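Read top to bottom, the protein sequences are chains A and B.
For the first sequence, UniProt numbering gives the first residue as 1, with consecutive numbering after it.
For the second sequence, UniProt numbering gives the first residue as 1, with consecutive numbering after it.
Keep in mind the hints are simulated off the structure, nothing from the lab.
Please note: incorrect hints may appear among the correct ones.
One copy or any two copies: either way a pair holds, since identical chains are not told apart in the list.
[Said to hold, decoys possible] Keeping only pairs whose Cα atoms sit at most 30 Å apart, straight-line, the calculated DSBU-like set for lysine-lysine is:
#1 288 x 266
#2 247 x 266
#3 47 x 28
#4 86 x 288
#5 28 x 86
#6 47 x 266
#7 164 x 288
#8 288 x 47
Remember, predicted model here, so these are calculated numbers, not experimental data.
2 protein chains.
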Amino acid sequence: MSKPAPLYNRLALIGVGLIGSSIARAAKAQGAVGSIVATARSEATRKRVAELGLADQVVETAAAAVEGADLVIVCTPVGVCGAVAKEIAPHLAPGATVSDVGSVKGSIVRDMGPHIPQGVHFVPAHPVAGTEYSGPDAGFAELFVNRWCILTPPPGQNQAAVDKLAAFWKLIGANVETMAPDHHDLVLAVTSHLPHLIAYTIVGTADELETVTRSEVLKFSAGGFRDFTRIAASDPTMWRDIFVTNKDAVLEMLGRFNEDIALLTKAIRNGDGDTLFEHFTRTRAIRKGIVQIGQDSPAPDFGRGHQTLPPEPLPKPYASDE
Amino acid sequence: MSKPAPLYNRLALIGVGLIGSSIARAAKAQGAVGSIVATARSEATRKRVAELGLADQVVETAAAAVEGADLVIVCTPVGVCGAVAKEIAPHLAPGATVSDVGSVKGSIVRDMGPHIPQGVHFVPAHPVAGTEYSGPDAGFAELFVNRWCILTPPPGQNQAAVDKLAAFWKLIGANVETMAPDHHDLVLAVTSHLPHLIAYTIVGTADELETVTRSEVLKFSAGGFRDFTRIAASDPTMWRDIFVTNKDAVLEMLGRFNEDIALLTKAIRNGDGDTLFEHFTRTRAIRKGIVQIGQDSPAPDFGRGHQTLPPEPLPKPYASDE
Numbered sequence: 001m002s003k004p005a006p007l008y009n010r011l012a013l014i015g016v017g018l019i020g021s022s023i024a025r026a027a028k029a030q031g032a033v034g035s036i037v038a039t040a041r042s043e044a045t046r047k048r049v050a051e052l053g054l055a056d057q058v059v060e061t062a063a064a065a066v067e068g069a070d071l072v073i074v075c076t077p078v079g080v081c082g083a084v085a086k087e088i089a090p091h092l093a094p095g096a097t098v099s100d101v102g103s104v105k106g107s108i109v110r111d112m113g114p115h116i117p118q119g120v121h122f123v124p125a126h127p128v129a130g131t132e133y134s135g136p137d138a139g140f141a142e143l144f145v146n147r148w149c150i151l152t153p154p155p156g157q158n159q160a161a162v163d164k165l166a167a168f169w170k171l172i173g174a175n176v177e178t179m180a181p182d183h184h185d186l187v188l189a190v191t192s193h194l195p196h197l198i199a200y201t202i203v204g205t206a207d208e209l210e211t212v213t214r215s216e217v218l219k220f221s222a223g224g225f226r227d228f229t230r231i232a233a234s235d236p237t238m239w240r241d242i243f244v245t246n247k248d249a250v251l252e253m254l255g256r257f258n259e260d261i262a263l264l265t266k267a268i269r270n271g272d273g274d275t276l277f278e279h280f281t282r283t284r285a286i287r288k289g290i291v292q293i294g295q296d297s298p299a300p301d302f303g304r305g306h307q308t309l310p311p312e313p314l315p316k317p318y319a320s321d322e
Numbered sequence: 001m002s003k004p005a006p007l008y009n010r011l012a013l014i015g016v017g018l019i020g021s022s023i024a025r026a027a028k029a030q031g032a033v034g035s036i037v038a039t040a041r042s043e044a045t046r047k048r049v050a051e052l053g054l055a056d057q058v059v060e061t062a063a064a065a066v067e068g069a070d071l072v073i074v075c076t077p078v079g080v081c082g083a084v085a086k087e088i089a090p091h092l093a094p095g096a097t098v099s100d101v102g103s104v105k106g107s108i109v110r111d112m113g114p115h116i117p118q119g120v121h122f123v124p125a126h127p128v129a130g131t132e133y134s135g136p137d138a139g140f141a142e143l144f145v146n147r148w149c150i151l152t153p154p155p156g157q158n159q160a161a162v163d164k165l166a167a168f169w170k171l172i173g174a175n176v177e178t179m180a181p182d183h184h185d186l187v188l189a190v191t192s193h194l195p196h197l198i199a200y201t202i203v204g205t206a207d208e209l210e211t212v213t214r215s216e217v218l219k220f221s222a223g224g225f226r227d228f229t230r231i232a233a234s235d236p237t238m239w240r241d242i243f244v245t246n247k248d249a250v251l252e253m254l255g256r257f258n259e260d261i262a263l264l265t266k267a268i269r270n271g272d273g274d275t276l277f278e279h280f281t282r283t284r285a286i287r288k289g290i291v292q293i294g295q296d297s298p299a300p301d302f303g304r305g306h307q308t309l310p311p312e313p314l315p316k317p318y319a320s321d322e
């Protein structure tokens with residue numbers, strides 16, 4: 001079977017953290033681009049990107065990175081995407097496509113859009129994938145396989161440019177869907193932003209109790225709490241920017257959540273077991289749906305490993321030499 | 001190396017779901033007991049327990065199960081433990097130890113304690129371990145390895161009986177800690193009950209939106225939401241009973257959580273990125289602590305598997321035969 005020709009000749013990655021470095025690895029593995037040029041704000045990251053061989057070329061500025069690139073993907077936190085767009089604008093090649101990977105799309109369209117020159121395509125994107133780790137070492141080529149990448153092209157964008165970016169994401173394993181930016185922000189507010197806010201909250205709550213020690217919280221976390229701590233270990237800069245830029249949708253979803261938790265709180269206070277049972281039964285169906293469409297593993301406990309049973313005999317008086 | 005003699009001659013399991021069947025498997029694997037007799041309320045479960053060979057004997061009633069047993073572990077939902085204790089009381093062997101595995105301990109001491117006859121030891125226990133699956137097929141022998149089992153013996157219990165039950169849990173892999181029942185209920189309210197309540201709530205919230213479809217919630221769940229659905233797929237009967245019986249501690253923790261989420265909500269409303277950043281940085285440390293003491297895996301994304309990149313070339317116009 002012959003290998004496809006690269007979709008783009010030269011990919012410029014601006015920011016090489018978990019997502020940027022995963023794109024680099026996947027694009028290379030799939031032969032999706034002819035060459036990769038990368039840049040990052042910090043010298044340490046640029047050095048590490050070079051050491052890891054993630055790009056054919058590592059340059060010091062975003063302006064230099066985009067020279068001659070036909071695909072530019074901004075992989076910085078959402079809060080600085082506007083400034084990056086402004087910086088790269090004069091250096092973009094005619095006919096190039098500019099995209100991003102931000103978790104918020106309304107603000108990206110507002111902040112980056114006005115800087116994109118005539119003759120350059122602008123196709124914001126959001127791959128809904130990640131782990132709790134950050135930085136160029138954390139990425140891997142399979143991160144996007146069977147995850148969804150949402151494209152939110154502003155009205156009037158060149159359809160061929162949109163289709164080509166969709167083909168790029170498909171080639172590195174993702175499913176692609178197109179959405180209006182505001183709808184994206186509402187969907188992600190409930191499937192991603194609200195869960196993160198709640199996880200960050202409860203982990204903070206647990207850490208500030210006077211009646212339960214931190215050591216107890218850690219030791220007995222397998223009762224459920226530890227699941228929240230993974231999410232609450234995500235990159236603070238990225239998540240600060242998300243909540244600041246997707247304020248309205250997050251506050252809307254928070255309002256709904258607060259109403260619902262008030263109802264369940266009332267049921268607990270009243271000892272209303274029927275309401276609790278009915279609610280807890282309904283939520284099981286959602287889990288089944290997610291596993292069925294391959295968005296999570298059916299393995300118990302996320303497939304977490306278990307150590308084997310200890311082979312040592314017990315100390316006396318419980319051990320025996322018989 | 002010689003195998004230790006069994007700690008108990010005859011273990012009676014009343015209720016054989018995820019926890020009961022895991023105890024059966026682990027006790028057998030470790031030679032912790034001479035024989036196992038099991039019972040379950042439903043005929044279907046009793047039949048399945050026999051098919052799986054989880055017990056040496058399967059009987060129809062709890063009263064019959066405890067005859068001649070020197071260790072009785074009640075593995076039913078918390079809400080029926082009192083009734084079970086009342087049923088088995090006249091049939092308990094002198095010198096036997098009665099225990100349980102309930103996630104709430106204050107109500108267990110109150111509901112079971114008065115029924116335990118003189119000359120029988122009462123040592124309530126809570127292994128902090130589980131998965132989102134239920135029933136005798138869901139259990140496995142390694143479930144308790146390196147998890148904590150909390151004993152909450154009422155004052156004045158025979159220390160040798162407490163130590164022996166601790167040895168049993170250690171033999172099947174658990175770490176053991178002793179606590180007062182009320183303190184247990186407070187600790188678990190934050191490390192287990194509140195996380196479950198919040199997960200049940202947000203999964204319900206997401207399912208009732210008019211603006212975001214269920215299909216969208218499922219597809220884009222990898223942004224964080226799917227982590228919550230696992231917990232919200234836990235057994236509804238078990239969790240109804242937990243919230244009804246640990247009302248005070250859960251309401252106390254809910255109050256703290258609500259205060260904290262109000263503070264973060266205000267920071268979002270005001271665009272106060274510094275407060276958000278500071279909070280999100282603090283919570284990372286908790287995750288590190290949990291991984292360090294071996295209560296969760298350091299693998300990204302809980303070690304969830306990723307499919308490999310798709311080998312198929314793309315359709316024209318993106319494919320090439322060169």
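To see whether the hints hold, each was checked on the structure:
1. With identical chains, the CA atoms of residue 288 and residue 266 are at most 30 Å apart within one copy only, with a shortest distance of 28 Å there and 35 Å across copies.
2. In the homo-oligomer, the alpha carbons of residue 247 and residue 266 lie at most 30 Å apart both inside one protomer (28 Å) and across protomers (11 Å), since each shortest distance falls under that limit.
3. Proximity of residue 47 and residue 28 under a CA criterion of 30 Å is satisfied intra-copy only: 19 Å inside one chain copy versus 55 Å between copies.
4. Taking the closest pair of Cα atoms, residue 86 and residue 288 never come within 30 Å of each other, the shortest separation being 45 Å inside a single copy and 38 Å across copies.
5. Taking identical chains as interchangeable, the C-alpha atoms of residue 28 and residue 86 lie at most 30 Å apart only when both belong to the same chain, with a minimum of 28 Å there against 68 Å between chains.
6. In this homomeric assembly, residue 47 and residue 266 never come within 30 Å of each other (Cα to Cα): the closest approach is 55 Å inside a single copy and 39 Å across copies.
7. For the homomeric pair residue 164 and residue 288, neither the shortest alpha-carbon distance inside one copy (34 Å) nor that between copies (41 Å) is at most 30 Å.
8. Taking identical chains as interchangeable, the C-alpha atoms of residue 288 and residue 47 lie at most 30 Å apart only when they sit on different chains, with a minimum of 26 Å there against 44 Å within one chain.
Hints 4, 6, 7 from the earlier list are contradicted by this structure; the remaining hints agree with it.
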